[in-house]
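Protein chains in written order, with the numbering used here: chain H, 181 to 758; chain B, 181 to 758.
It is worth saying that the hints were derived from the structure and are not from the lab. A couple of the hints might just be wrong.
Because identical chains cannot be distinguished in the list, a pair is counted as satisfied if it fits within a single copy or across any two copies.
Straight-line C-alpha distance at most 20 Å; calculated DMTMM-like pairs for lysine to aspartate or glutamate [unchecked claim]:
hint	residue 1	residue 2
1	482	402
2	723	657
3	731	721
4	723	742
5	482	635
6	339	402
7	339	286
8	339	673
9	723	640
10	482	701
11	678	646
12	482	452
13	482	704
14	678	640
15	678	452
Predicted model, so just to flag it, every value in this text is computed and none were measured.
Protein chains: 2
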Amino acid sequence: MTEANRVVPAGGPRWLPAWLQQYRREQAIQDGIAGLVVTVLLVPQSLAYAMLAGLPPHVGMYASILPLLAYAAFGSSMTLAVGPVAVASLMTASALAPFAAQGSPEYLSLAILLAVLGGLQLMVLGILRLGFVANLLSHSVISGFVTGSALLIAIGQLKPLLGVPAQGHTAVELLLSLLASFQKLQPATVALGLLAMLLLWSSRRFLADLLAWIGVSSRTADLLAKLAPMIIVLLSVGAVAVWQLDSRHGVAVVGTIPQGLPSLQLSWPAREQLTSLFLPAFMIALVGFVESVSVAQSLAIKRGQRIDPNAELRGLGAGNLASALSGGFPVTGGFARSVVNFAAGAQTPMAGVISAALMSLVLLGLTGLFERLPLAVLAATIIVAVLGLVDLATPRHAWQYDRADALAWAGTALGVLGLGVEAGIGIGVALSAGTFLWRASRPHIAVLGRLAGTEHFRNEQRFQVETQPHLLIMRIDENLFFANSAAVLDRIEAELAKRPATRDLLLVLSSVSHIDLTAAEALERLHADLGARGIVLHLAEVKGPVLDRLKHAGRLRGLAHEPFVSVHSAAQALGQHP
Amino acid sequence: MTEANRVVPAGGPRWLPAWLQQYRREQAIQDGIAGLVVTVLLVPQSLAYAMLAGLPPHVGMYASILPLLAYAAFGSSMTLAVGPVAVASLMTASALAPFAAQGSPEYLSLAILLAVLGGLQLMVLGILRLGFVANLLSHSVISGFVTGSALLIAIGQLKPLLGVPAQGHTAVELLLSLLASFQKLQPATVALGLLAMLLLWSSRRFLADLLAWIGVSSRTADLLAKLAPMIIVLLSVGAVAVWQLDSRHGVAVVGTIPQGLPSLQLSWPAREQLTSLFLPAFMIALVGFVESVSVAQSLAIKRGQRIDPNAELRGLGAGNLASALSGGFPVTGGFARSVVNFAAGAQTPMAGVISAALMSLVLLGLTGLFERLPLAVLAATIIVAVLGLVDLATPRHAWQYDRADALAWAGTALGVLGLGVEAGIGIGVALSAGTFLWRASRPHIAVLGRLAGTEHFRNEQRFQVETQPHLLIMRIDENLFFANSAAVLDRIEAELAKRPATRDLLLVLSSVSHIDLTAAEALERLHADLGARGIVLHLAEVKGPVLDRLKHAGRLRGLAHEPFVSVHSAAQALGQHP
């Protein structure tokens, strides 16, 4: 569908993305403004998220250039801003912890490998058109996962924020470790960190209103407020320089950033690295893809555009490969950054291209600015950003609407906090799929009778119907498969036990669009068991494809009749109905 | 249901199991014969499966006494034979490998802990009446798992069979390791092992027919053939003794077996042992339960009895706790042994009680007989037993009937062989649930029109129907949930794109018995999106419980109308139909 939207008659060569073929000058101005605004937001975020991933901060800047170009070439969203994001960075740190120490060259090369693997996996899914995988996670699970991750990130960042040593992969471990080292608090770091957090939080909360109140247009006010993080970062760098906070008061800073653009990296990984990182890379890529598609979709809807999940897979896959090529780590579409890009008026991925160019300029000339940036301020940036991801509305709605969804939310969030990100997402997926299987395993089954004087048969519990002692008619209102075939047989036995005169059992399969092997075998067993007790099994209203498959596999040979076309014709053929 | 079957007016006190309250003398004779036959089979099997689990062989005998009594008290099958089995033993070895060396006292105490944990988990599931968990595994997955495990066990047993050192947890590792140590073959061990295997295999294959041919009744012939393993075991012990194969030719034998009954064991495990063994214990317990229930069920059906999955959970749970108490390891209902028990005429769990008594006598007085039993002969016993579990009929049927089931079989079997038992079962469950989600994510959706001159509305692709340009009627034939809500929205958009004159969209939910939160939110978004484009969303034939839930959570406030009771009334109310 998106392809159709995008390919319209236009000027540029056909191998260019559709948006580029018909690019107009007005768009360039809007994209330019958006690109600038996003870059100002991106610089501190990229440094911060690299730190969160356990990598040198400048690696975050490396991961913020080529991926934007790659996404522009392959993606389908006009406004998604790709780059390092909080949750993927947390997952990167968690995936690499067992294999290498943070700060070692091995750690960096494994982070690059994660991006390569994730990029290839997304590419393959995209080429196979498997965008469907995004649907494996329910909204409750995604919300619970993001909320749990945000809290885990915030707790983890208390360590650089307060300048104390702490370690652990779960919320409890981190908090205990923080408490144990509470006497090692560094006053200057704590003061700087808390002040930065206060400023960031209040600018996020009040600055836009304040600017609007002094007469700035509300859209401009919103955008200016988004620049606050950069201003606070620069102020903190100034404070470190003026008061020598780093050398005199022990405030940890970013340190030397290699100037210049990243060199292209290519190296051949070991086989055991590939096998042990395959699954973590897939988790990071999948979660990133799901998050990214939902952001892209919600922004696209506002402008009446559409997102093609398969193009997104290819775009994000290319982005990750590009990140790896330039020595970066896993990237995806970021929530906050994409919203800013959209609000700043981005019209096409050209905004991202401009961002990438501006980021290159920063790397070529301005890295010195950030060398005395306190880590505590980066931690404050992260904490304020991720607390915005905490979503308590979804569990509230879920609780009102469907307790199973609320349980999936809570299980996922608590799983992330208590057992770590991988376990959390595993729990979430298991709870989603488990709930669904559990529901499907308790199918609705109705015993039918005839509405007097008609050809219609209805549930005997809800209608006044005529039944006959020798004929039991049951309608199964769910696909038949491994998780419910035992329940169906149990229910049939229970109904037969209540009606000892039964000689014919008619199963109405009007709602069954699939019967799997386990259920087909169960039906055959039922047929044989009933036969041994003198009861004949009949089927009615079997859907075409279901019948074809059963017949093709020779599964219906034992039945006395072909399945009946309707319950009415079955009841007539089975005799006693007038 | 089973409870109802079992509790009939009878003589014994009410706290006894129902079968014991009405126990008769004829039953005692039949149970006695079955108990004796099973014991003769059980002695070599229990030694062999303990070796397979990496434990001293006599531990297998310990695990073959109390569990039978516990199951007799709590289980619901009249013929299931509980004790050490091949697959659970393999899983035990695989679960413990990372934590302790085979043969260490720690290893044994961890094996006991596995039985405790699994026993408690089964008990809790049984008390909560969650017998439903047996349905989480489709028939294809169980068959693939058992087949893969059987092959993996057989390959692993080549090591003691040939008397060469080898190690590894996957089929490939084991085979490579065997090839590498091929020059270390011990001629006497190889000869003994292969001879035992040949005898076991030919007695299994031909002995019953041979005995029948010389005039033994076919039932007796079958039973006598089952005694062959014990005879071969005793012959091999004789051969070792006569030719001094152990001391002169390096043939490994069982070695000293402590005489007497096991002492009761109770010790308190460390917290990290509990957490790391919790999941493996659950896998072993679950797989054992599923296998056991399916054996029990297939035997019960032959005699018109019924199995209560919840009683089975309690019976197997008690069996595992009893095994742990006597220093044993995880047990469950065995396939071959239960079939023999049934064929030998067992009428009640008294057969198991008699088996337990006979096994105690063996432990008290006859252990000396088995001390010079060659490990190669035990390996031959295992290999011949497990090759009988290899099931190639199921994948063949699956291939004919449903490729997805065949894929689940192959994925599970290859996963077990290539990645180990835990990974294999994980892959199987994921493939089962994934296939089901994938199917449900592509719901059948029909565009409806009116059969001319009637009040009936049918799929426009299959019937000659009347439609109207302003009214689009779509029927969704599947529950709405996270995995298919995106697909439903896509299909709706596609139909709307084909019918630009649409002003009213009527969704018919007659087949929808559940809408989860993700799908409910998607419907709300659809309503809002359509509204913005001047299209009104209507619902019809919403089931009572679905409607209640949507209303309770305030999800339908935005709709123009209450949902219509029928498509006909909706079409009338929406105007243009005559």
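Here is how each hint holds up against the structure:
| no. | hint | result |
| --- | --- | --- |
| 1 | 482 - 402 | within (18 Å within a copy, 75 Å between copies) |
| 2 | 723 - 657 | both (13 Å within a copy, 12 Å between copies) |
| 3 | 731 - 721 | within (15 Å within a copy, 33 Å between copies) |
| 4 | 723 - 742 | within (13 Å within a copy, 31 Å between copies) |
| 5 | 482 - 635 | neither (50 Å within a copy, 40 Å between copies) |
| 6 | 339 - 402 | neither (31 Å within a copy, 72 Å between copies) |
| 7 | 339 - 286 | neither (24 Å within a copy, 38 Å between copies) |
| 8 | 339 - 673 | neither (62 Å within a copy, 49 Å between copies) |
| 9 | 723 - 640 | between (23 Å within a copy, 16 Å between copies) |
| 10 | 482 - 701 | between (50 Å within a copy, 16 Å between copies) |
| 11 | 678 - 646 | within (17 Å within a copy, 45 Å between copies) |
| 12 | 482 - 452 | neither (46 Å within a copy, 51 Å between copies) |
| 13 | 482 - 704 | between (53 Å within a copy, 15 Å between copies) |
| 14 | 678 - 640 | within (14 Å within a copy, 41 Å between copies) |
| 15 | 678 - 452 | neither (61 Å within a copy, 52 Å between copies) |
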